[in-house]
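K.L.:
Turn these sequences into a full structure, and let the hints steer you where they fit.
All residue numbers for the sequence shown refer to the numbering used here, where the first residue is 251 and numbers rise by one.
Bear in mind the hints are in silico, worked out from the structure with no lab data behind them. Among these hints, one or two may not hold up.
Heads up, simulated BS3-like pairs for lysine-lysine below, C-alpha to C-alpha not over 27 Å straight-line [unchecked claim]:
1) K482 to K550
2) K546 to K482
3) K482 to K555
4) K567 to K546
5) K567 to K578
6) K376 to K431
7) K603 to K578
8) K382 to K309
9) K376 to K395
10) K555 to K578
11) K546 to K578
12) K395 to K424
13) K424 to K376
14) K555 to K603
15) K482 to K523
16) K567 to K482
17) K523 to K550
18) K567 to K603
19) K382 to K431
20) K550 to K567
21) K382 to K424
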Amino acid sequence: MKKSLIIALAFIFIVPLVSSIENDISLGSYNVQLGDSFNINGNNIEYEGIDFTGNAMVKFYSDFGDYTLLTQVVDGGFSQSASFCNFGCMFPGLAGNYSIWVSLLDSSLVTLEEFMLPDLFIVNNKLNVILKLDEVQLNPGDEIKLEGSIQRDVDSRIFENGDVVIMFDEIEYKTAISNEKFVYEFVTNSDIGSGYHDMDVYFTDSNENRGEGSIQFFVIGIPQLLNVNFDKEFYLPGETVQIMPSLVDQAGEIISGDVELRVYDGEGRRQIKDVFETNDDFDYILESSASPGEWKVSVKSEGLKVERYFNVETIEKIGLILDGQELKITNIGNVPYSDPLSFEDENGDVVEKRTDLNPGDNMSVILYTIFDEGQQTFSVLNNNQNFTLEIIDNRNVGDKMGDFFSSITGQAIRSSGSGTSDVPFLFLVGLIFGMLGYTSFVLRKKGKFKDVKLKKSKKLKISSDEVDDIKSRILKDIKESKMSRKNEDSFEVKPIVEEVPKRVKFDEPMRKDDAPKKDDNNSGGLFGMFS
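P.N.:
Dropping the structure here:
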């Protein structure tokens with residue numbers, strides 16, 4: 251290459267240059283295919299004003315090699331054919347762009363003049379592959395037909411014969427050109443992967459002209475398997491469950507598709523129903539009160555259905571917030587909370603407060619109804635939390651009495667240590683009897699029960715016939731009730747002597763019409779205690 255450039259530069263300074271136009275030198279084609287024959291023609295070539303007769307040297311310069319052609323010029327004209335190919339050609343089969351220089355030589359091959367042709371000479375080895383499919387979208391197992399042809403790049407002339415190589419899914423297939431085209435048919439596998447597939451076609455002729463082309467077709471995915479997975483198996487309320495559904499096609503590959511998602515809690519109640527795309531994770535946030543137990547996730551897509559399960563653990567817990575003189579209690583677990591709320595003061599005394607809270611429910615405890623006024627430090631044993639505050643009681647006497655009665659009827663039970671005290675109950679019983687005694691005293695003082703006297707009761711006599719009659723009726727009732735009995739005649743009913751109730755004598759005699767009448771269906775006395 252360097253040697254050729256040096257020679258060319260030497261010609262610039264030593265050899266006179268003549269325009270190629272003046273000498274009318276041209277090529278039959280400036281763009282040829284490898285293996286094509288082309289002509290170099292010279293007309294009206296003159297030297298010093300007369301038609302030149304001698305030798306002409308034609309040089310082809312390129313980045314990858316230089317080639318020379320020597321021919322004779324007679325009466326100012328010449329014609330020479332040449333070609334580039336690997337076998338039987340004047341020049342080797344190297345495609346590329348060439349610049350052409352022409353030198354006029356005398357009989358001793360001494361250079362007289364030199365000039366360069368204005369246009370580049372192109373040697374082309376490219377072929378164009380034209381492809382067509384009868385179907386561009388098909389199902390697994392469908393038949394597909396490929397048709398194609400091979401064209402020269404320089405003139406689009408179609409090859410009439412030759413061998414074609416087809417590559418599909420890394421498998422090589424071969425066919426031949428016939429009547430300027432090739433055809434190949436084959437059946438796709440039933441487990442072919444879904445999505446786009448490439449078919450690559452290669453062709454090489456005898457002169458090493460090469461062409462390749464590619465065409466795509468799409469295989470529709472047929473869902474065969476639906477899966478759903480979680481990031482773990484056990485969850486706490488409030489955590490996020492990562493649900494990962496996947497749809498698998500006939501080739502065992504993951505494909506996209508819409509899925510319907512349903513989530514059911516531990517009690518079988520549906521929590522959500524949503525539609526989203528597979529291969530995208532779905533985050534489901536459990537509520538803080540999510541019911542414990544086994545939760546079900548149901549996923550449906552393309553006629554497939556799958557169910558998977560995860561577990562929500564049981565949380566029995568309360569939250570405590572001190573708000574002024576109140577302690578607010580909230581069930582922050584996921585099961586009902588019924589343990590008594592235990593307050594322990596600095597002396598070790600324990601006050602228990604009933605809770606019975608459903609998940610999410612709350613209640614408040616007014617602390618001045620439990621503790622004395624002043625600075626207090628107490629612990630809530632349920633959570634082992636300690637609180638310190640100044641107890642301030644701004645209630646009036648009526649409110650205090652109302653709160654007191656509420657406390658002794660079971661709202662709060664005060665105990666020492668961990669035991670339960672009976673003092674409030676006994677106090678309540680004593681209070682009731684005291685009120686009854688006080689009422690009786692007031693009534694007597696007003697004369698409501700003045701000079702009350704009771705008469706002696708009379709004895710009643712019952713005859714033996716009445717006894718037998720009572721006995722027979724008892725036996726009849728037993729028989730009709732179908733009760734099992736033994737020795738039904740082994741008992742004896744004796745007469746009962748009943749005292750006549752004493753009559754009350756008041757200060758003023760009552761009229762006969764106003765006298766009280768005995769009612770056998772009603773018992774007398776307070777709450778039916780006396781008859």
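K.L.:
Hints the structure violates: just list their numbers, smallest first.
P.N.:
8, 10, 11, 14, 20
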